[in-house]
Amino acid sequence: MTDQAQDAQTQIQELQKKIMQLQAQEPQKSPYDTYQTSLTSRYCSNEMTSLFSQRSRHSTWRKLWLGLAEAEASLGIDVVTAEALDQMRAHLTVSDEDFATASIEEKRRRHDVMAHVHAFGVVAPAAAGIIHLGSTSCFVTDNTELILMRDALDILLNKLAKVISNLAAFANQWKSEPTLAYTHFQSAQPITVGRRAAQWAQDLMMDLEAIEAVRSGLRFRGAQGTTGTQASFLEIFQGDHTKCDRLNELLCEKFGFPACYDISTQTYTRKVDLIVANAVAGLAASAHKICSDIRLLASNKEIEEPKEASQIGSSGKSHRTLIIFRASSVIIHAIQEESDEERANLLIVSRFDGKANQLC
Numbered sequence: 001m002t003d004q005a006q007d008a009q010t011q012i013q014e015l016q017k018k019i020m021q022l023q024a025q026e027p028q029k030s031p032y033d034t035y036q037t038s039l040t041s042r043y044c045s046n047e048m049t050s051l052f053s054q055r056s057r058h059s060t061w062r063k064l065w066l067g068l069a070e071a072e073a074s075l076g077i078d079v080v081t082a083e084a085l086d087q088m089r090a091h092l093t094v095s096d097e098d099f100a101t102a103s104i105e106e107k108r109r110r111h112d113v114m115a116h117v118h119a120f121g122v123v124a125p126a127a128a129g130i131i132h133l134g135s136t137s138c139f140v141t142d143n144t145e146l147i148l149m150r151d152a153l154d155i156l157l158n159k160l161a162k163v164i165s166n167l168a169a170f171a172n173q174w175k176s177e178p179t180l181a182y183t184h185f186q187s188a189q190p191i192t193v194g195r196r197a198a199q200w201a202q203d204l205m206m207d208l209e210a211i212e213a214v215r216s217g218l219r220f221r222g223a224q225g226t227t228g229t230q231a232s233f234l235e236i237f238q239g240d241h242t243k244c245d246r247l248n249e250l251l252c253e254k255f256g257f258p259a260c261y262d263i264s265t266q267t268y269t270r271k272v273d274l275i276v277a278n279a280v281a282g283l284a285a286s287a288h289k290i291c292s293d294i295r296l297l298a299s300n301k302e303i304e305e306p307k308e309a310s311q312i313g314s315s316g317k318s319h320r321t322l323i324i325f326r327a328s329s330v331i332i333h334a335i336q337e338e339s340d341e342e343r344a345n346l347l348i349v350s351r352f353d354g355k356a357n358q359l360c
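For the record, in the sequence shown the residue sitting at position 207 is 207 according to full-length UniProt numbering, with numbers rising by one throughout.
Take these hints with a grain of salt, some might be off.
Derived pair list, reagent style PhoX-like, types lysine-lysine, alpha-carbon separation capped at 20 Å [claimed, not checked]:
1. K17 <-> K107
2. K17 <-> K175
3. K254 <-> K243
4. K162 <-> K289
5. K254 <-> K63
6. K18 <-> K162
7. K289 <-> K271
8. K289 <-> K159
Computed beta-carbon distance windows for the label pairs [as the list claims (entries may be wrong)]:
9. D33 <-> E97: 14 to 24 Å
10. E253 <-> P178: 50 to 60 Å
11. S187 <-> P306: 55 to 65 Å
By construction, these hints were calculated from the structure, which means they are not laboratory data.
Even for Gly, the Cβ is constructed at its ideal location relative to N, Cα and C.
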């Protein structure tokens with residue numbers, strides 16, 4: 001065993017000992033002893049909660065570090081060894097033990113990214129010196145945001161397409177069923193139930209097209225250095241601009257983006273977040289309108305959502321039917337206001353409070 005490997009093994013053992021000591025000191029808590037948000041427990045799909053989980057996010061950091069190291073090695077950076085790459089590939093998923101290591105290191109280093117760099121280096125000691133080579137924190141944080149947003153839009157588009165398909169089938173089924181149309185919620189003229197559903201489906205089709213356009217327009221931040229000038233990469237490539245450009249081409253290929261944004265600063269422009277939020281908020285507005293229509297029509301006993309045999313409408317009014325599926329669109333409306341505010345007040349530099357809005 002080399003001295004470097006022996007040192008790494010000793011470090012692992014010391015960290016494991018610290019983790020065991022901390023676990024022994026802290027009483028085991030039930031998940032019901034800490035705050036939980038209904039956003040994840042009620043309104044999010046399993047796919048979304050998994051995608052935006054800490055394991056998914058920080059494992060994506062590791063994939064980015066591996067992708068960067070592979071690209072740098074292919075462009076002649078000889079300090080990136082085959083052994084280092086193999087060890088990185090073997091530990092791309094952040095384990096519970098890795099999270100514990102990172103937690104200890106963050107208390108020492110006061111830096112979340114460097115804590116995870118260290119935790120990755122503990123399990124991949126041959127790569128400890130080259131993880132994050134030439135990068136700044138936003139290489140992993142911002143590129144991860146773009147990857148997660150893209151993948152989330154893909155999930156959303158698939159679900160929205162299914163909703164439109166089901167609504168179209170409903171509209172076709174009831175295309176000849178007469179009902180009363182309203183203006184200002186006052187009786188107006190007859191239409192059909194199918195036509196009303198088709199109006200809803202048309203709005204959702206517009207949202208589908210808008211989200212598809214936003215999704216296809218997403219680009220990567222790539223490897224741009226601390227302020228977007230690629231200065232650190234120019235240094236490691238000894239001033240070779242073509243290698244800097246090729247580095248970003250390789251990263252885009254690895255992570256499924258057509259190109260990088262032409263200009264980035266420390267971050268990709270937060271205009272991207274606003275564009276994505278606007279498209280999703282458009283869908284939320286449509287959902288809000290459809291659910292409000294159903295709520296009003298249910299009051300008139302013209303239409304209602306399916307009701308389970310064991311469902312209880314009210315704790316005090318057993319006859320009441322409770323419309324339960326409208327709240328999530330309201331949540332998205334509230335988040336959209338934060339996105340507008342964040343973009344408008346992002347001055348010449350990024351701010352840490354903006355990160356909190358992103359995580360919402």
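Status of the hints after comparison with the structure:
For the proposed pair K17 and K107, the alpha carbon gap of about 16 Å is at most 20 Å, so the pair holds. Taking the CA atoms of K17 and K175, the gap is about 69 Å. The hint is violated against a cut of 20 Å. For the hint pairing K254 with K243, the CA-to-CA distance comes to about 16 Å; that is within 20 Å, so the pair holds. As the CA atoms of K162 and K289 are separated by approximately 19 Å, the hinted pair is consistent with the 20 Å bound.
Between the alpha carbons of K254 and K63 the distance comes to roughly 10 Å, so the proposed pair stays at or under 20 Å and holds. Annotation: proposed proximity of K18 to K162 is violated, straight-line Cα distance about 49 Å (limit 20 Å). Among the hinted pairs, K289 with K271 is inconsistent with the structure: their alpha-carbon atoms are about 27 Å apart, more than 20 Å. Straight-line distance between C-alpha atoms of K289 and K159 comes to about 18 Å, which keeps the hinted pair within the 20 Å bound.
With their beta carbons about 23 Å apart, D33 and E97 fall inside the hinted range of 14 to 24 Å. Under the hint 50 to 60 Å, the C-beta atoms of E253 and P178, about 57 Å apart, fit the expected range. The given range of 55 to 65 Å is broken by S187 and P306, whose C-beta atoms sit roughly 27 Å from each other.
Figure legend: structure checked against the earlier numbered hints; hints not met, in rising order: 2, 6, 7, 11.
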